[in-house]
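Chemist: Sequence:
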Amino acid sequence: MIRARAFLLPLGLVPLIAAGLCGDTAPRSQQELIQEQACVANQLKGDLDRAESNCELCLEFNERNAECLNSMGLIWFLRGDDDRAKSYYIRAIRENNDFGQARNNMGVIEFKRGNYLEAARFFEGAIEVDPRYQDGRYNLALANLRQGQLVMAKLSAVSTVDDIQVAIRKADVFYTKAETHYRRMFELFPTHAPSYGDMGVIMMSRAAGAATEDKRKVFIKDAEQYLVRCLEVDDVNLDCHGNIGHLFLVGGRFDESLFHFIQCLAADQGNAICANELKQAYAGSQLKSEALRKYMDQLIANPGYAQGHYGFCLALFDKGLIDMAVTECENALKLDEGICLAHYQLAKHYKSVLDKDLALQNCRGLIRCAGEGKHQSEVQDCKTIVQALEVQ
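All residue numbers for the sequence shown refer to the working numbering, where the first residue is 89 and numbers rise by one.
Because the hints were derived from the structure by calculation, they are not lab data. For every residue, glycine included, the Cβ atom is placed at its ideal position computed from N, Cα and C. Watch out, some of these pointers could steer you wrong.
Said to hold, decoys possible - Label pairs and their calculated CB-CB ranges:
{"#": "1", "residue 1": "D186", "residue 2": "K258", "range": "30 to 38 Å"}
{"#": "2", "residue 1": "Q119", "residue 2": "V316", "range": "47 to 55 Å"}
{"#": "3", "residue 1": "D302", "residue 2": "D186", "range": "43 to 51 Å"}
{"#": "4", "residue 1": "D170", "residue 2": "Q119", "range": "29 to 37 Å"}
{"#": "5", "residue 1": "K382", "residue 2": "K462", "range": "20 to 28 Å"}
{"#": "6", "residue 1": "G339", "residue 2": "D137", "range": "47 to 55 Å"}
{"#": "7", "residue 1": "L205", "residue 2": "K133", "range": "30 to 38 Å"}
{"#": "8", "residue 1": "E216", "residue 2": "V261", "range": "16 to 24 Å"}
{"#": "9", "residue 1": "I410", "residue 2": "D186", "range": "51 to 59 Å"}
{"#": "10", "residue 1": "R271", "residue 2": "D137", "range": "41 to 49 Å"}
{"#": "11", "residue 1": "Q449", "residue 2": "Q118", "range": "48 to 56 Å"}
{"#": "12", "residue 1": "V261", "residue 2": "N185", "range": "27 to 35 Å"}
Unchecked claim - Pairs of lysine to aspartate or glutamate residues, derived as EDC-like cross-links and limited to a Cα-Cα distance of at most 16 Å, are as follows:
{"#": "13", "residue 1": "K376", "residue 2": "E344"}
{"#": "14", "residue 1": "K174", "residue 2": "E206"}
{"#": "15", "residue 1": "K407", "residue 2": "E344"}
{"#": "16", "residue 1": "K376", "residue 2": "D406"}
{"#": "17", "residue 1": "K436", "residue 2": "E418"}
{"#": "18", "residue 1": "K174", "residue 2": "E198"}
I would like the entire structure built from these sequences, with the hints used as guidance.
Modeler: See the structure below:
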């Protein structure tokens, strides 16, 4: 299987392989079934040598076992031998023409090679077998998205206006196919964050090629809505943070883009795109002070620096960017429970929005963290808040 991400700028493949096999329903001997299940279990644990031994034994009991043939393909795919993997997938499909996962896995190899049209053909076959096959449908949408991106990427710097318009129209044919399946993903799997993120990417691409400013604004609004939905479903999604950060950066919303690039780097410190665009966002940001500059420099160098997240939290609260401020104070505490005053900032916020439980939780967190000698004024304030809330 494959789940891949459609980050706006790179055109890479990030596969996550798992086995949840489905094939023919022919009776299996007990030993054949035992080895088949052991092959899957060891593959999922990452023990490919044992998985291979189990699958080989399975095939000794029944050389036509489609599930074991497919698992052997997965093993060799994980080892980086795509040609050998492909040979097993082909055999699995020959034994069971309605084996959706083997068709999907054939598509993965073509996708990895950049053959997106051929990949889409295999993914289409997979969902014809099972319309609810999540990986197959997502991959079909993604293959069309990638083909559209590929059309746009082939435009040279010297392309004429007419060439660009032709490419935009050609790319949108693929984007429209992708959109069809992303929308079906929303219905079938409403919490599948990458689908919302990818739709955001499509809308960003359409905005870049929009014929009028009014259309561009509509696409930008749609892109933001999809990327926000992605983060509502998965608030640590690297690509959605990176893409919405880029969207805000281009739109001059520097303070908001700064926040999302920091979240991107917190998930992937080595992400060069987020690191570069974070610097651009900071250059245009209003969140500037000598103290914040120190924290920002530290966060750029080390996104895991808890005190930097706390300093950023204070700056965001000061600018009225409340939701982002809350996230940053929570990030600071996840990294270092000893940053007691982050509890205090959160307690004040939750008290103001009448969230009794979280206000109490954070006040108690401050009191516990501060002990007897630290932050006496804030601790006393929190004790007053606790007393008041406990009697409500």
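Chemist: Next, verify each hint and record whether it holds.
Modeler: Hint check:
1. D186 to K258: 30 to 38 Å: holds (34 Å)
2. Q119 to V316: 47 to 55 Å: Once the Cβ atoms are compared, 52 Å apart, the range 47 to 55 Å for V316 and Q119 holds.
3. D302 to D186: 43 to 51 Å: holds (48 Å)
4. D170 to Q119: 29 to 37 Å: holds (31 Å)
5. K382 to K462: 20 to 28 Å: Holds: the Cβ-Cβ distance is about 22 Å, inside 20 to 28 Å.
6. G339 to D137: 47 to 55 Å: Since G339 and D137 have Cβ atoms about 51 Å apart, the given range 47 to 55 Å holds.
7. L205 to K133: 30 to 38 Å: At 35 Å between Cβs, range holds.
8. E216 to V261: 16 to 24 Å: Once the Cβ atoms are compared, 21 Å apart, the range 16 to 24 Å for V261 and E216 holds.
9. I410 to D186: 51 to 59 Å: holds (53 Å)
10. R271 to D137: 41 to 49 Å: holds (43 Å)
11. Q449 to Q118: 48 to 56 Å: Check passed, 53 Å falls within 48 to 56 Å.
12. V261 to N185: 27 to 35 Å: holds (30 Å)
13. K376 to E344: OK: K376 and E344 at ~13 Å, within 16 Å.
14. K174 to E206: holds (14 Å)
15. K407 to E344: Holds - the C-alpha atoms of E344 and K407 are around 11 Å apart, at most 16 Å.
16. K376 to D406: holds (11 Å)
17. K436 to E418: Holds, at about 14 Å.
18. K174 to E198: holds (10 Å)
Violated hints for the displayed structure: none, as all numbered hints are satisfied.
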